[in-house]
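Use the sequences and the hints to build the structure in full.
Chains as they are written, first to last, in my numbering: chain Y, 863 to 997; chain S, 863 to 997; chain Z, 863 to 997; chain X, 863 to 997; chain G, 863 to 997; chain E, 863 to 997.
Derived by calculation from the structure, the hints in this document are not laboratory data. Each residue gets a CB set at the ideal place from its N, CA and C atoms; glycine is no exception. It is possible that part of the hints are untrue.
Said to hold, decoys possible - Heads up, simulated DSSO-like pairs for lysine-lysine below, C-alpha to C-alpha not over 27 Å straight-line:
no., chain 1, residue 1, chain 2, residue 2
1, Y, Lys890, Y, Lys916
2, Y, Lys916, Y, Lys957
3, G, Lys890, G, Lys916
4, Y, Lys890, Y, Lys957
5, S, Lys957, S, Lys916
6, E, Lys916, E, Lys957
7, S, Lys916, G, Lys957
8, E, Lys916, Z, Lys916
9, X, Lys916, Y, Lys916
10, G, Lys957, E, Lys957
11, Y, Lys957, S, Lys890
12, G, Lys916, G, Lys957
13, Z, Lys957, Z, Lys890
14, G, Lys890, G, Lys957
15, X, Lys957, Z, Lys957
16, X, Lys916, X, Lys957
17, E, Lys890, E, Lys957
18, S, Lys916, S, Lys890
Claimed, not checked - Reference listing, derived: stretches of chain E covered by chain S, where coverage requires no fewer than 3 residues with Cβ under 8 Å from a Cβ of chain S:
no., region
19, 940-949
20, 957-965
Number of protein chains: 6
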Amino acid sequence: MATVPLPANPEADARVRAVFDDIRATRKTDFINNLWRALAFDPPLLERTWADVKALMATPTLLDPLTKEMVYIAVSIANACSYCVHSHTAAARAKGMSDAMHAELLAIVALAARTNHLANGLQVPLDGAFDAAAR
Amino acid sequence: MATVPLPANPEADARVRAVFDDIRATRKTDFINNLWRALAFDPPLLERTWADVKALMATPTLLDPLTKEMVYIAVSIANACSYCVHSHTAAARAKGMSDAMHAELLAIVALAARTNHLANGLQVPLDGAFDAAAR
Amino acid sequence: MATVPLPANPEADARVRAVFDDIRATRKTDFINNLWRALAFDPPLLERTWADVKALMATPTLLDPLTKEMVYIAVSIANACSYCVHSHTAAARAKGMSDAMHAELLAIVALAARTNHLANGLQVPLDGAFDAAAR
Amino acid sequence: MATVPLPANPEADARVRAVFDDIRATRKTDFINNLWRALAFDPPLLERTWADVKALMATPTLLDPLTKEMVYIAVSIANACSYCVHSHTAAARAKGMSDAMHAELLAIVALAARTNHLANGLQVPLDGAFDAAAR
Amino acid sequence: MATVPLPANPEADARVRAVFDDIRATRKTDFINNLWRALAFDPPLLERTWADVKALMATPTLLDPLTKEMVYIAVSIANACSYCVHSHTAAARAKGMSDAMHAELLAIVALAARTNHLANGLQVPLDGAFDAAAR
Amino acid sequence: MATVPLPANPEADARVRAVFDDIRATRKTDFINNLWRALAFDPPLLERTWADVKALMATPTLLDPLTKEMVYIAVSIANACSYCVHSHTAAARAKGMSDAMHAELLAIVALAARTNHLANGLQVPLDGAFDAAAR
Chain Y
863 MATVPLPANP EADARVRAVF DDIRATRKTD FINNLWRALA FDPPLLERTW
913 ADVKALMATP TLLDPLTKEM VYIAVSIANA CSYCVHSHTA AARAKGMSDA
963 MHAELLAIVA LAARTNHLAN GLQVPLDGAF DAAAR
Chain S
863 MATVPLPANP EADARVRAVF DDIRATRKTD FINNLWRALA FDPPLLERTW
913 ADVKALMATP TLLDPLTKEM VYIAVSIANA CSYCVHSHTA AARAKGMSDA
963 MHAELLAIVA LAARTNHLAN GLQVPLDGAF DAAAR
Chain Z
863 MATVPLPANP EADARVRAVF DDIRATRKTD FINNLWRALA FDPPLLERTW
913 ADVKALMATP TLLDPLTKEM VYIAVSIANA CSYCVHSHTA AARAKGMSDA
963 MHAELLAIVA LAARTNHLAN GLQVPLDGAF DAAAR
Chain X
863 MATVPLPANP EADARVRAVF DDIRATRKTD FINNLWRALA FDPPLLERTW
913 ADVKALMATP TLLDPLTKEM VYIAVSIANA CSYCVHSHTA AARAKGMSDA
963 MHAELLAIVA LAARTNHLAN GLQVPLDGAF DAAAR
Chain G
863 MATVPLPANP EADARVRAVF DDIRATRKTD FINNLWRALA FDPPLLERTW
913 ADVKALMATP TLLDPLTKEM VYIAVSIANA CSYCVHSHTA AARAKGMSDA
963 MHAELLAIVA LAARTNHLAN GLQVPLDGAF DAAAR
Chain E
863 MATVPLPANP EADARVRAVF DDIRATRKTD FINNLWRALA FDPPLLERTW
913 ADVKALMATP TLLDPLTKEM VYIAVSIANA CSYCVHSHTA AARAKGMSDA
963 MHAELLAIVA LAARTNHLAN GLQVPLDGAF DAAAR
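This is the structure:
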């Protein structure tokens with residue numbers, strides 16, 4: 863169950879309808895996943911969120927689409943967002959992530975978490991060599 | 863300041879010396895950053911940590927080296943590990959991450975954090991379409 | 863499922879009964895939500911937790927009740943506590959949070975998460991102007 | 863030290879200059895804090911971030927300005943963003959947060975963190991009464 | 863539902879079979895919990911994860927087995943890993959954790975979270991007395 | 863720098879003085895660390911925080927004092943509270959934590975973080991065997 867009612871007919875609202883139409887056209891699918899249905903309870907929030915997701919994740923940019931999905935999954939795991947891990951793993955799979963790539967991604971995320979906790983436990987001081995100003 | 867004393871002469875210990883030699887040979891540099899110096903307070907922990915970092919991050923695997931560093935940075939940001947953000951940003955830079963790639967990485971990490979918090983705030987229910995068993 | 867059995871008849875214990883009576887009287891409702899039922903497995907932990915929640919959240923203080931619930935929701939989202947997001951969203955609704963206020967709260971939480979990740983990714987140094995000692 | 867060089871003369875870039883001018887005009891101050899100076903390394907990221915911060919935090923909306931800052935602080939504490947805690951505490955102070963309000967905010971954030979950890983440790987099941995669909 | 867299909871017959875793979883046999887022999891039980899079944903989608907990841915869990919958690923070391931499980935639970939709560947909280951609470955119970963010990967563990971975790979948020983909200987500066995180099 | 867001014871003479875306030883006296887008497891030391899000095903900006907918050915820390919961490923309870931400090935460190939690492947990691951590592955050292963115990967604690971915390979991220983990445987479903995109601 864969600865903290866807002868998932869509307870039965872969200873596209874009765876013209877602003878929601880426009881966003882959903884754009885999601886379908888951009889992603890070339892009729893499937894609108896529940897994040898967008900939940901956000902439909904507030905059309906301005908829905909519009910702004912989709913605009914930014916579209917600009918970065920559904921538009922060609924410098925990084926390739928699969929790399930972007932893997933970074934997204936990594937953050938979602940660390941932030942313990944169950945919904946986001948599921949939705950972006952499905953997206954990465956659709957963009958070509960194989961079992962072996964998935965396993966390696968998880969291994970790197972887990973290794974990073976491990977050394978994050980070691981470094982935070984040791985409170986390791988910064989090395990001068992990391993200073994961006996000295997590059 | 864760290865929670866363990868950074869040893870003045872860590873390589874007096876033969877096990878530490880062997881790990882540091884391997885770090886230098888693997889990375890083709892004389893620079894040993896402070897995480898390894900701090901871990902030298904316990905040679906077995908140092909050995910195990912380096913073995914796993916080497917196997918995944920300093921050995922050719924399925925994902926390319928820069929993608930792996932960017933995933934590592936993403937997790938480190940979400941886990942608020944200041945040291946790790948610095949060390950892996952420096953590593954990513956050394957492997958070719960440009961200003962524009964860095965900016966895009968940060969933009970994706972920030973977008974993921976934003977939708978992570980939206981989805982956790984809305985408690986969005988999972989879509990059946992995400993079910994891996996149904997692929 | 864919980865990590866402790868939810869007791870079938872928690873109020874058989876006199877200390878639990880006293881806390882539950884106070885929850886009902888304070889909140890003017892017969893409804894005791896599951897957090898309290900689960901905490902009933904250890905009456906002292908139940909008593910201390912309720913005493914502190916009551917003092918801050920069920921007693922008039924400096925901040926108004928709805929602001930307090932919104933701050934509570936914000937923390938619960940960032941800490942990925944699904945139960946707490948649900949329970950405090952329900953409480954905020956009961957205290958007058960409208961759809962538009964809920965949407966704005968989520969937008970601010972998401973914006974904060976976004977700039978938190980940007981600032982942690984950039985490792986932005988503190989400005990001297992923020993120094994409380996200089997106010 | 864930051865992970866990007868803080869530019870000596872960021873306003874040599876016309877896009878950066880335009881954003882900084884807008885920050886000064888909007889906030890009615892000459893002070894540009896380091897987050898914006900750091901973001902100046904990528905003008906598009908700077909523009910998008912400021913546009914969203916301005917729309918939500920520097921424009922009248924439904925919630926009052928001080929409530930918004932307190933929610934922002936709460937998220938920043940939970941996400942362990944040191945820079946953001948400092949900058950938004952300074953902003954909340956400038957908008958009228960007294961010592962007593964600050965103390966109460968911290969007390970609520972700490973109480974929420976405490977029950978977040980209790981609920982996640984107990985894995986408390988959701989109550990049907992929280993269902994938004996049943997409101 | 864998981865992000866990988868839980869294989870119907872994971873032990874058809876000889877490497878998976880060897881790990882599962884070792885889990886059964888080490889733990890003296892036929893029960894293989896779902897984490898290992900899910901990891902079976904990538905035998906090398908399964909092997910490395912089990913090797914490290916076995917070395918630290920299923921082998922006598924300096925700290926006693928129950929203390930290790932309680933530390934594990936504490937981290938899992940703070941990282942909001944629902945599965946891990948359940949599995950390690952069950953393990954701690956099997957190793958002798960009573961209701962009263964469980965309640966005290968949760969009380970300490972909650973107290974730590976509370977002062978973590980207070981200290982991060984106050985941005986308390988380090989005391990020189992904590993310096994490990996001065997011990 | 864902190865988000866509140868550290869008062870030059872906090873014990874001029876009688877309530878602060880009483881708490882500081884109790885800290886000194888309880889801990890048998892003249893040293894008052896900065897968390898308490900910072901909390902002195904709001905005597906009620908100082909009183910409540912110290913009362914709860916004293917009851918759980920400075921009073922004999924079921925768990926031994928060193929185990930309690932190690933659990934506290936584990937949570938503080940996962941929550942990225944730099945101050946708390948330092949203060950509780952110093953406390954654990956004072957209560958007898960050796961280098962080897964410290965290293966093992968960090969290894970367990972890091973292992974837990976690693977499997978937390980694996981389980982959250984795989985979204986492993988709960989095993990029925992973990993059900994507390996079935997014990």
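Are three or more residues of the region 940-949 of chain E within 8 Å, CB to CB, of chain S? holds (count 3)
Taking only the CA atoms, is the gap from lysine 890 (chain G) to lysine 916 (chain G) under or equal to 27 Å? Holds, at roughly 13 Å.
Distance restraint between lysine 957 (chain S) and lysine 916 (chain S), which requires alpha-carbon spacing of 27 Å or less: Answer holds: lysine 957 (chain S) to lysine 916 (chain S) is near 16 Å, not above 27 Å.
Coverage claim, chain S over the region 957-965 of chain E, checked by counting residues with Cβ within 8 Å (three needed): holds (count 4)
Are the Cα positions of lysine 957 (chain Y) and lysine 890 (chain S) separated by 27 Å at most? Cα-Cα ~35 Å, so violated.
Holds or violated: lysine 890 (chain E) to lysine 957 (chain E), with C-alpha atoms at most 27 Å apart: holds, 13 Å
Does lysine 957 (chain E) lie within 27 Å of lysine 916 (chain E) when you go C-alpha to C-alpha? Roughly 16 Å between the alpha carbons, so the hint for lysine 916 (chain E) and lysine 957 (chain E) holds.
Could you grab the alpha-carbon distance between lysine 916 (chain S) and lysine 890 (chain S) and see if it respects the 27 Å cut-off? Judged against 27 Å, a Cα distance of about 13 Å means the pair holds.
Verify the proposed pairing of lysine 957 (chain X) with lysine 957 (chain Z), using a straight-line Cα cut of 27 Å. At roughly 25 Å apart (the allowed maximum being 27 Å), lysine 957 (chain Z) and lysine 957 (chain X) satisfy the hint.
Taking only the CA atoms, is the gap from lysine 957 (chain Z) to lysine 890 (chain Z) under or equal to 27 Å? Answer holds: lysine 957 (chain Z) to lysine 890 (chain Z) is near 13 Å, not above 27 Å.
Does the structure keep lysine 916 (chain S) and lysine 957 (chain G) at a Cα separation of 27 Å or less? With Cα atoms ~35 Å apart, lysine 916 (chain S) and lysine 957 (chain G) exceed 27 Å; violated.
Satisfaction of hint between lysine 957 (chain Y) and lysine 890 (chain Y), Cα-Cα up to 27 Å: Given that 27 Å is the threshold and the Cα spacing comes to 13 Å, the pair holds.
The structure does not agree with the numbered hints 7 and 11 stated previously, though it agrees with the rest.
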